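Model the placement of chain B on the given structure of chain A, informed by the hints.
So the chains spell out like this:
Protein chains: 2
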Amino acid sequence: MMSKTDDPSIPSFYKPIHGELARVEASLHEASIGGFAGLSSLLSHVLGSPGKRIRPAVELLSGKAFREDRSDLLVLMGTAVELLHIATLIHDDTVDNSPLRRGKPTVSSAWGRDVAVLLGDYVFANSAVYVCNTNNVRAIKSFSETLMALSSGELREIISAYDWRQTREDYWERIKHKTASLFATAGETGALLADAPEKGVQAMKSYGHNVGMAFQIIDDILDFEGTEAEVGKPVGNDLLQGTLTLPALLIIERYPKDNPIQRLFQKPAEQEHLKAAVEMIRNSSVIQESADVAKGFGDKALEAVKGLPNHVYRRSLEEIVEYVLSRNK
Amino acid sequence: MMSKTDDPSIPSFYKPIHGELARVEASLHEASIGGFAGLSSLLSHVLGSPGKRIRPAVELLSGKAFREDRSDLLVLMGTAVELLHIATLIHDDTVDNSPLRRGKPTVSSAWGRDVAVLLGDYVFANSAVYVCNTNNVRAIKSFSETLMALSSGELREIISAYDWRQTREDYWERIKHKTASLFATAGETGALLADAPEKGVQAMKSYGHNVGMAFQIIDDILDFEGTEAEVGKPVGNDLLQGTLTLPALLIIERYPKDNPIQRLFQKPAEQEHLKAAVEMIRNSSVIQESADVAKGFGDKALEAVKGLPNHVYRRSLEEIVEYVLSRNK
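Chains A and B, in that order, give the protein sequences. Heads up, the first sequence is in this note's numbering, so the first residue is 1 and it goes up one at a time. Heads up, the second sequence is in this note's numbering, so the first residue is 1 and it goes up one at a time.
Excised from the complex, chain A in its bound form:
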């Protein structure tokens, strides 16, 4: 982990928190060796994969921007947000039947869906224990509400699958719950644990929310880019699962009476409808328009951190926005 900062491929925003991030990594490793024998091998499979750890980065930077001496609490909470993220990935992969995650077999494909359901529960619970160890009731509450938001967002997505009558507002609600809520909690609790004034807490919550919205929109755009060989899953995989994302919604808004997405959702088994929908999205301006919307959220995130006094951490938070918007995988 320490060598990360010397690696030019590692974004520079990790620099001012590299010590704390190494401690988050160590906590994740520690969490993976607890429990009984069969559990440890499962946990090291899911916790050992090197992730971008972008949520812990938001947590740590949001806190250190206000106080530099609260690392212990911030590391606990940074570990908790990453564990919660990993728990949702385990359940999402189970629901989506995904074979691979970051190039490794998913828990559900390697050990079966039943193990994946219960392992996800265990990692959820583990994240809650880390949060409780902060002893901060407001942080714990924010976290538990995020838990509800995340699962209601995922439920919304699956319940509304193949419903092409959804609006842009439905989409905002969905991604706010399933993605932005965790980023918002990372920002909010980071500031909270560093005793930031209420205005600062709200600013970091807003920063996290807006970064999270941008993050998900870019993710949804990337689903239409590249080739199946490059990305390891079918191009237009969201549409294939019946999930309407911003580019597809913009097409439906533009051609409300008839469009390939509507035809696909009515007959999901017909491959040519998926191909036509993906082609239409790729060859129109909706990808660029979606990227502009993401940039709008990014601008709001930058606006939120404008008042932060400590320029080192503020600069890293700004770089996260740039990183999220320019991400291409």
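Keep in mind that the hints were calculated from the coordinates and are not lab data. A few of these clues could be false.
Which copy is meant is left open, because identical chains are indistinguishable; a pair holds if it fits in one copy or across any two.
To be verified - Below, computed lysine to aspartate or glutamate pairings styled on DMTMM-like, alpha-carbon distance capped at 25 Å:
(1) K233 with E272
(2) K141 with D72
(3) K176 with E30
(4) K141 with D195
(5) K52 with E30
(6) K275 with E289
It should be emphasised that the depicted structure is a prediction, and the values quoted were computed from it without experimental measurement.
Relative to chain A, chain B alone:
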């Protein structure tokens, strides 16, 4: 709910807490109408089924035994323990592929396993929000550790399925985690929220633990009783799922070299092995021996509440032990 106390079929231990139990029931109803449209119908399906609410009863009685003016906190925590119990049932039914629960289709059989995974997560999260509303950090911590215990107990069960080399100690660990931990938390947090002295908190935790152990052993005995038509699932369903419970373990201890359970676990598809194993268990003394072990835990639970000053609540707690031990479905 109010009429429950007039109904002679309702155990009398509910009497001194009937007002609080009605409020728990109202909270569960309230939780079911939150969220978006598709979610509410799912929630009322799972939260509307009348359960025995035995865990909230332990919570409420453990608190009222020390202070009668903490009903608000106890109702919050009683709702939380029941929601957590319901969440684990949703995931268990998903893992076991159970078609029915209390005579109604399970969420996984009615809406699919994916919805069940995410709905279980939502109910988990909802329970955490209720706990947080108590603002009691120690209660919140106890709850989050129980979350981990429950999921690790379920994971142990599924990972060790069809392994006939398990010992009685493995079984204690497993049921302590998957069942007794939630009863222990109900007792412990009930006392905590009523400002009981530390000795009282530990006594109620011990009471809950021992009631929970007895409860699970009786449950495991009942799995070998009745007929398929009476109980709505195959007799010996645990063995069919590869789960070793106390009666089966006693058979293995007695005939370590060769027994029908070992043969069944080596060839789970062969129906005659299940029949032979069930017959052997029913026709031997292991059922009675298991019931004696359950009674031993019941005695420890009675011992734990011996020192309680308030005889009304103590009497109800004692009646719960009798009820758990004499339960026949």
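Okay, the hints, checked on the actual structure:
With identical chains, the CA atoms of K233 and E272 are at most 25 Å apart within one copy only, with a shortest distance of 17 Å there and 45 Å across copies. For the homomeric pair K141 and D72, the shortest alpha-carbon distances inside one copy (19 Å) and between copies (18 Å) are both at most 25 Å. In this homomeric assembly, K176 and E30 come within 25 Å of each other (Cα to Cα) only across copies, at 24 Å, whereas the closest approach inside a single copy is 31 Å. Taking the shortest Cα distances, K141 and D195 sit within 25 Å of each other both inside one copy (16 Å) and across copies (22 Å).
With identical chains, the CA atoms of K52 and E30 are at most 25 Å apart within one copy only, with a shortest distance of 19 Å there and 39 Å across copies. In this assembly of identical chains, K275 and E289 lie within 25 Å of each other by CA distance solely inside one copy; the values are 21 Å within and 65 Å between copies.
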